[in-house]
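*Asks:* Here are the chains, one letter per residue:
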Amino acid sequence: MFSLERVLDLPLVWHGLIGTAIFLYVVLDGFDLGVGILFPFAPSETCRNRMMNSVAPFWDGNETWLVLGGGGLLAAFPLAYSVLMPALYLPVILMLLGLIFRGVAFEFRFKAEGRSRALWDRAFHVGSLTAAFMQGAILGAAVKGIRVEGRAFAGGPLDWLNAYSVMVGIALVCGYALLGATWVVMKTDGITRDWARKAARSAVCGVGLFLLAVTVWMPILSERARILWFSLPNALFLAPLPLGAGLLLLLVWRDLRSGREVRPFLASLGVFASAYLGLGITLWPWLVPYEITFRQAAASPESQSALLVGTVFLLPLILGYMAYVHWVFRGKTSEEPAY
Amino acid sequence: MALHRSATRDRGPPPFGMGVVSGVVLSFQFGTNWSVFSDRAGNVLGPLLGYEVLTAFFLEASFLGVMLFGWNRVGPRTHYAATLIVAAGTLISAFWILSANSWMHTPRGFRVGEGGLLYPENWLKVVFNPSFPYRFVHMVVAAYLTTAFVAAGIGAFYLWRGRHERHARVMLGMAMIMAVFVAPLQVLFGDLHGLNTLEHQPAKVSAMEGIWETRRGAPLKLVGWPDEKAEATLYAVEIPKLSSLILTHSWDGEVKGLKEWPREERPPVAWVFWGFRVMVGLGFLMAFTGAAGALLFLAGRLFNTRWFQYLCMAMTPAGFVAVLAGWVVTEVGRQPYMIHGVMRTSEAASPVPAGSIAFSLAAFLFVYVFVFGAGSYYILRLIGKGPASTEPPYGAHGLKKPPLVLSGTGDRGGRDV
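Protein sequences, first through last, are from chains A and B.
For the first sequence, the residue numbers in the working numbering are 1 to 339.
For the second sequence, the residue numbers in the working numbering are 1 to 417.
Fair warning: there could be bad hints in the mix.
A few chain A residues facing chain B, derived, Cβ under 10 Å [stated by the list, open to error]: (1) F58; (2) L73; (3) L74; (4) A75; (5) L79; (6) I93; (7) M95; (8) L97; (9) A152; (10) A299; (11) V325.
To list a few chain A residues with every Cβ distance to chain B over 12 Å, as calculated [to be verified]: (12) L129; (13) L241; (14) G246; (15) G270.
Since the hints were made in silico from the structure, they are not lab data.
Glycine included, each C-beta is placed from N, C-alpha and C at the ideal position.
Using the sequences and the hints, build the whole thing.
*Replies:* Okay, here's the thing in structure tokens:
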């Protein structure tokens, strides 16, 4: 049967592809979840309409990266998928419920009036907040490690909940707020943009604080992480990542003060990229920390090959037409409610 | 088209978001609730679901934005193209998800390896497994019919109230063209699908028929109550020999009864039996509505016959109910198996405590009832408002008239009242 096993290191290729899909999800849905997190704090109804309109054409495509993350994990690493999902059962379910509420709120709020519109505004905010927090908690729980026996999760339903995962949850909420605020700075003008600038500055402080806290806490939590990040010569090679994240945060701060509108968003993406890369290096080579590696979890080479053949052509195509959609909706968002 | 334009711009779209969010949920629930199934069948089903996301989900989700919000940003042709792409995306999506589902009914092209793990042997046999073509055609046609009857119901409602008559005639006319030709075809497709099931999952068909004893010249039970303890269908109203004729195309053909299988190999009979009757009953009602519509059209009374308007309004949800009933038949009928003949449903579940499952079930029930309730409310309000009357009925996208209307209702439906 057809297989690319001899020519390619399939598990490695798929590890990279799934990692990329999840990263794209984090930054893309990150900015529209961030808009939801900031939503009730906007100064006026008009501002809220503009914020909503600025993400309305995109959220749907953005969320599809999460479907690819889930479906791709099932296809390429079924063992990891079937251990992680039961282990993270409650946060995954709560995240999905949050995503449902915020997804329908997009459409219903433009059809509703008066009190029921306020209800959907709240659903949009709480849904976004819940989804963001649970994604952080999932990450925190994974970093702390998952109990496995045989080919199945062997822990309890609340294993995921602890001080560390709660902190990572709040940290991700701050991070998404930063993406959301800088996105709004880029896509709107007037009062909305000026308010978003202030919101972005608060978010920068929060993100800086939490990045520091995570960096200090992780080595205390895990000896592996300490040896990896704080012993020579590794520390020298890895130092550019935290330093780069710090410098980019400073750049966001300065650009917000000097009135730049596009670069704060791009630099925030850079902050996420360095944090994500750092996390990837810490967790390498585990898919289910610290029990199952990406090689152990890999689907049969025939399965990985079959999906890879199409992915090679489809992924660039998808990125192409997603870029086209962004080009169609380029520039500042109009005030008129679009739904 | 004005109807489409008014649906997506002037009054707001039907809630696409409900479909989007339930799609996100699906890609996780294989793992949260059926992790053993995901682990063992992932090698085979994973790539199918992966291709669904890559070829369909992204296409749909990305161009939906252009379709809903792009009116002022792109030209009419590009907008029309975006709409077609969204439609194509949904069809491709149906292809993959129904292929994966069909494989669970008629698994082919795989081998069982160590520890019960399944491995692909032949992708063509996996994707185009024996029940897939039948299920695909049956389901896609069902989706079109469902939409047609929603349009017919709304059109009939407007005609009954004497509002938006020009649009209402197009809606009802197009829906009846669909109903008169496609509903009888759907009965035929359903029959072919049933014969395919008889070949590969005979116990399901015996449950659909409520037949317990294997016999020649089996009667068709119109109604009755399948009692699993007594192993009999009680209070049955029967037509002699018809079941044999339908299933074997011979008056005296042998039909297998449920007693051929041990109790633990039989599906829950009453669900399958009644789900099947609801689906088939509604299918025939739809075909009848189409035929009545055609006769009324020939008599020149399609748009002003009061009882027909009531019938069409009553039939608005018929497609949804029939589709749900059909899924009950096929999925409950597959029990006790998750993958027919390969893996039992009881083996497939996640090692998650019952409390967590109960919580998620209750939460999803609550949220879906709430969200779909609100969605239905807004759709009904949208219908109450009707299409924007200032718009010309045709002409957007450079089309002079909707092509289908020309054949049946062009002379009457297009004229203003």
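*Asks:* Now, for every hint given, state plainly whether the structure supports it.
*Replies:* The hints, checked one at a time:
For A/F58, the interface hint holds, since its Cβ comes within 10 Å of a Cβ in chain B; the closest pair sits about 6 Å apart. Residue-level restraint check for A/L73 holds (minimum Cβ-Cβ distance to chain B is 8 Å; threshold 10 Å). Because the beta carbon of A/L74 sits about 5 Å from the nearest beta carbon in chain B, less than 10 Å, this interface hint is met. A least Cβ separation of about 3 Å between A/A75 and chain B falls short of the 10 Å threshold, and the interface hint therefore holds.
Proximity of A/L79 to chain B holds as hinted, the smallest CB-CB distance being about 6 Å (cut-off 10 Å). The criterion of a C-beta within 10 Å of any C-beta in chain B is met by A/I93, whose closest approach is roughly 5 Å, and the hint holds. The criterion of a C-beta within 10 Å of any C-beta in chain B is met by A/M95, whose closest approach is roughly 9 Å, and the hint holds. The restraint placing A/L97 at the interface with chain B holds, with a minimum CB-CB distance near 6 Å, inside the 10 Å limit.
Interface restraint check: A/A152 against chain B, minimum CB-CB distance 5 Å, threshold 10 Å, status holds. A distance limit of 10 Å between C-beta atoms decides the matter here; for A/A299 the minimum to chain B is near 5 Å, and the interface restraint holds. Hint status for A/V325: holds, given a least beta-carbon distance of 5 Å to chain B, under 10 Å. Consistency note on A/L129: stated as away from chain B, and its beta-carbon is indeed over 12 Å from all of that chain's, at 16 Å minimum.
The Cβ of A/L241 sits about 30 Å from the closest Cβ of chain B, beyond the 12 Å cut-off, so the non-interface label holds. No Cβ of chain B comes within 12 Å of the Cβ of A/G246; the nearest lies about 34 Å off, and the non-interface call holds. For A/G270, the non-interface assignment is confirmed: its Cβ lies about 25 Å from the closest Cβ of chain B, beyond the 12 Å cut-off.
Of the numbered hints given earlier, the model fails none.
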